[in-house]
Amino acid sequence: MEITLNWYLGLSAVLFTIGVLGVLLRRNVIVILMSVELMLNAVNLTLVAFSQAVGDVSGQVLVFFVMSVAAAEAAVGLAIVIAIFRNKLTVDVTQINLFKY
Amino acid sequence: MEPDFLVRLILLLPLAGAILNGVVTLFFPALREREGLIGAIGTTVVVLPFLFTLYLFLTFDGEAHVADFYTWMSAGDLSVSFAYRIDQLSLLMSLVVTGVGGLIHLYSIGYMHGDSGYARFFAYLNLFIFAMLNLVLGNNLLVLFLGWEGVGLCSYLLIGFWYTELKNSAAASKAFIMNRVGDFAFLMAMFLLYKALGSLDFDVLLADPAGNLSQSTLNWVVLLLFIGATGKSAQIPLFTWLPDAMAGPTPVSALIHAATMVTSGLYLLARLSPMVLSAPQVMVVIAVIGALTALMAATIAITQNDIKKVLAYSTVSQLGYMFMSAGVGAFFVAIFHVMTHAFFKGCLFLGSGSVIHGMHEVEHELEHQGHKKHLDPQDMRTMGGLKKYMPATRMTFLLSTLAIAGIPLFAGFFSKDEILFKAFEYGYNGNGYAWFVWIIGILTAFLTAVYMTRCYVLTFEGEARWPKADKIHPKESPWTMTTPLWVLGGLSVIGGFVGLPGVIAHGEWNWIHHWLAGEHGPVAEPLAVPHDPGFVAIEWGLIALGSAIALAGVGLAWRWYTTHGLAFDERLRGIFGGLYRLWQGKYFVDELYDATIVKPLIGSAERGLAPFDEQVVDGTVNGVGNLTRGLSTLLRPIQTGIVQSYAVAIVFGVVLVIALMLFL
Chain A
1 MEITLNWYLG LSAVLFTIGV LGVLLRRNVI VILMSVELML NAVNLTLVAF
51 SQAVGDVSGQ VLVFFVMSVA AAEAAVGLAI VIAIFRNKLT VDVTQINLFK
101 Y
Chain B
1 MEPDFLVRLI LLLPLAGAIL NGVVTLFFPA LREREGLIGA IGTTVVVLPF
51 LFTLYLFLTF DGEAHVADFY TWMSAGDLSV SFAYRIDQLS LLMSLVVTGV
101 GGLIHLYSIG YMHGDSGYAR FFAYLNLFIF AMLNLVLGNN LLVLFLGWEG
151 VGLCSYLLIG FWYTELKNSA AASKAFIMNR VGDFAFLMAM FLLYKALGSL
201 DFDVLLADPA GNLSQSTLNW VVLLLFIGAT GKSAQIPLFT WLPDAMAGPT
251 PVSALIHAAT MVTSGLYLLA RLSPMVLSAP QVMVVIAVIG ALTALMAATI
301 AITQNDIKKV LAYSTVSQLG YMFMSAGVGA FFVAIFHVMT HAFFKGCLFL
351 GSGSVIHGMH EVEHELEHQG HKKHLDPQDM RTMGGLKKYM PATRMTFLLS
401 TLAIAGIPLF AGFFSKDEIL FKAFEYGYNG NGYAWFVWII GILTAFLTAV
451 YMTRCYVLTF EGEARWPKAD KIHPKESPWT MTTPLWVLGG LSVIGGFVGL
501 PGVIAHGEWN WIHHWLAGEH GPVAEPLAVP HDPGFVAIEW GLIALGSAIA
551 LAGVGLAWRW YTTHGLAFDE RLRGIFGGLY RLWQGKYFVD ELYDATIVKP
601 LIGSAERGLA PFDEQVVDGT VNGVGNLTRG LSTLLRPIQT GIVQSYAVAI
651 VFGVVLVIAL MLFL
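Protein sequences appear in the order of chains A and B.
If you're matching positions, the first sequence starts at 1 in this note's numbering and goes up one per residue.
If you're matching positions, the second sequence starts at 1 in this note's numbering and goes up one per residue.
With the rest of the complex left out, here is chain A (with noise of 0.2 Å):
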């Protein structure tokens, strides 16, 4: 069986997938930032697989950009989880609801 390149966007979707869902359904915003950085690297993989299959390099150029992109991100994520949680002392995503009507 040959490992196409098929299989590489199969595994890049399922990962994409778990990611979303990752966000859409925990509680914990710490892990919620975790789906958050999966998405992004199963956006890489996918990006590396066509620059392979297609023969250009811009692809795996893309991928430092969203590598760099991601890691500014996650810090600037945490940092405001950390805000949140001296005023609310919480990390539960259900529990920061202030626009609530």
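One thing to keep in mind: the hints can contain errors.
[Unchecked claim] So the derived list for chain A, only partly shown, Cβ under 7 Å to chain B, looks like this:
no., residue
1, Lys88
2, Val91
3, Thr94
4, Asn97
5, Phe99
6, Tyr101
[Claimed, not checked] Ranges between beta-carbon positions, derived for each pair:
no., chain 1, residue 1, chain 2, residue 2, range
7, A, Met1, B, Leu660, 32 to 38 Å
8, B, Val617, A, Arg27, 51 to 57 Å
9, B, Leu635, A, Arg27, 23 to 29 Å
10, A, Phe64, B, Leu634, 46 to 52 Å
11, A, Arg27, B, Gly623, 40 to 46 Å
12, B, Phe652, A, Phe64, 18 to 24 Å
13, A, Ala83, B, Val617, 51 to 57 Å
14, B, Leu660, A, Leu62, 51 to 57 Å
15, B, Leu660, A, Phe64, 29 to 35 Å
16, A, Glu37, B, Val654, 15 to 21 Å
[Stated by the list, open to error] Not close to chain A: a few residues of chain B, all C-beta gaps over 10 Å, as computed:
no., residue
17, Leu9
18, Ser81
19, Leu153
20, Phe191
21, Gln215
22, Leu366
23, Gly427
24, Arg465
25, Ile494
26, Ile597
27, Gln639
28, Thr640
29, Ala647
Because the hints were derived from the structure by calculation, they are not lab data.
For glycine and all other residues, C-beta sits at the position ideal for the given N, C-alpha and C.
With chain A fixed as given, assemble chain B onto it according to the hints.
Same frame as chain A, but now just chain B:
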């Protein structure tokens, strides 16, 4: 100076005065204290139009001039513009309005001194002059109606000037609502005219009305216009507002309810005289109602104790005379009486204002000294002997009283005698109802002389009847108040000579007849019927009769009231008994209207309209609000405040879009 420009100034100056005195002082309250400035502006913007009108009057060439300014409205076939007409009738009326108006503005400077609403008063007065000028100068019925409504509005504003007292506001509402009933009839007449003729311009309306309109349309139009006139000019059945209107300041009573606004009905009939003459059956109605009103009001006036109420009923009675005159086709004489009435009634009202002003000071002094009983400054029973303290007021009041009584050579004599003569002549020429009018006129003339002399004597002659009369007395009024009194008093003496009766020099010296009803004059009159030479003797006889009645009335009343004073009223009560009670109760017309119209209306409003307003109207408005609130309560749970639920919504959206892109 060309006429169009002058007409613009004549109309716009009073409006400018109203805006300056009213709107500017609204935004700059500190300016309301500047009485001198306000009074000066208010008076100047009426005196200047008087001078301009005088110029137009003196340079009038006999041809009616129409100044068309701009189109007011143009809808379908109807095109109405702000057009103003300068002809003999409108010039004469404008002279009276601005002349007497200017004098009353001057008077108000003194009379309203110290009142907190000083600026507002002059603003309303100026607005009134503007509306009245629109009324008399307009060249079509709609501009006239604009003025008609405008003077009604200003009358409301001015009667209820001291609005903090409920009785004044009630009187103002009564005047306005009664006027409105008349205005409804006026509107119906305008609708009929438009439907028949397609235009409301006077040039169209007055060109051969009998030819253009069917007799029944003419009759209806004239009748409806007359009903409108009864509202404005206080005739039966719409006259009860005028005595109540005395609640307003006296200059208002003088200007609006004696000299100008109440004569609008007469002006309307005179302006449309060709039309009225073509409806002879309605003329009978006009004359009879005028006569009955004149007599009714005169009988009421004998019994009244409030000086302003006497003058108010006197005004209703004199207006009845004017309608009698119109009803027998003598429109120019009606306008002549309008003019002389403005002089003497204006003087009488201003004089009464001067008296009230003086007695008001007495009342204050009495209160200051701790006197318990409240003195009514308008009640003649606590006046008397004022000639000692108010000589100028007394002399002018006396002159005007003689004028209104019809003493020979005074102004009222010429106009009133002319009315009686015209009524007699019309009856002589074959119109029977005119005899009835003439008899009523004679009777009312006697009564007029009696009640006016009573009014004068009880106020100025005899002994003073107010408390502490030996210590406290009133003072003569300032020059701003006595100057108009002298001017109007003088006019009451000489103002009649413009209309010397026809017996003298075969009517050559009847200037006002030539001016108004002459060759190309605007006021129509019935065809002259030649009489046999013996008729001249009858004419002189009638003049003698009129003079005798006036002299008898004044003489008898003078003797009765100087000899017996107030006790004579008791004697009258004894002689007439139930009749006297009827007169003193003002024929109980107010009570009748109250029971048959006012109470049922208010009752049905309370039972029908008020619940409708509360439940249906308020219910609908509140219902819309409640609907919005209900919808929002339904939709609010979407805002959970949890970011994840929003993220779910976004994901749904993305999936939907991708599905649409892939499968459509």
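Hints, verified against the model:
1. Lys88: violated, 12 Å
2. Val91: violated, 13 Å
3. Thr94: With a closest approach of 6 Å, the A/Thr94 hint holds.
4. Asn97: A/Asn97 check passes; min Cβ-Cβ to chain B is 3 Å, inside 7 Å.
5. Phe99: holds, 4 Å
6. Tyr101: Interface hint status for A/Tyr101: holds (4 Å vs cutoff 7 Å).
7. A/Met1 to B/Leu660: 32 to 38 Å: holds, 36 Å
8. B/Val617 to A/Arg27: 51 to 57 Å: Holds: the Cβ-Cβ distance is about 53 Å, inside 51 to 57 Å.
9. B/Leu635 to A/Arg27: 23 to 29 Å: At 26 Å between Cβs, range holds.
10. A/Phe64 to B/Leu634: 46 to 52 Å: Holds - the Cβ-Cβ distance for A/Phe64 and B/Leu634, about 50 Å, lies within 46 to 52 Å.
11. A/Arg27 to B/Gly623: 40 to 46 Å: holds, 44 Å
12. B/Phe652 to A/Phe64: 18 to 24 Å: violated, 32 Å
13. A/Ala83 to B/Val617: 51 to 57 Å: Given range 51 to 57 Å: holds, Cβ gap about 54 Å.
14. B/Leu660 to A/Leu62: 51 to 57 Å: Since the Cβ atoms of B/Leu660 and A/Leu62 sit about 27 Å apart, the hinted range of 51 to 57 Å is violated.
15. B/Leu660 to A/Phe64: 29 to 35 Å: holds, 34 Å
16. A/Glu37 to B/Val654: 15 to 21 Å: Distance hint for A/Glu37, B/Val654 holds at roughly 20 Å.
17. Leu9: About 66 Å separates B/Leu9 from the closest Cβ of chain A, which puts it past 10 Å; holds.
18. Ser81: Since the minimum Cβ distance to chain A is about 61 Å, B/Ser81 lies beyond 10 Å and the statement holds.
19. Leu153: holds, 52 Å
20. Phe191: At about 59 Å from chain A, B/Phe191 clears the 10 Å cut-off, so the statement holds.
21. Gln215: The claim holds: B/Gln215 sits with its nearest Cβ about 76 Å from chain A, beyond 10 Å.
22. Leu366: holds, 71 Å
23. Gly427: Check passes; 89 Å lies beyond 10 Å.
24. Arg465: holds, 80 Å
25. Ile494: The claim stands: B/Ile494 keeps its Cβ more than 10 Å from every Cβ of chain A (closest is about 87 Å).
26. Ile597: For B/Ile597, whose nearest Cβ neighbour in chain A is about 57 Å away, the distance exceeds 10 Å, so it holds.
27. Gln639: violated, 4 Å
28. Thr640: At about 6 Å from chain A, B/Thr640 fails to clear the 10 Å cut-off, so the statement is violated.
29. Ala647: violated, 6 Å
The earlier numbered hints that this structure contradicts are 1, 2, 12, 14, 27, 28 and 29.
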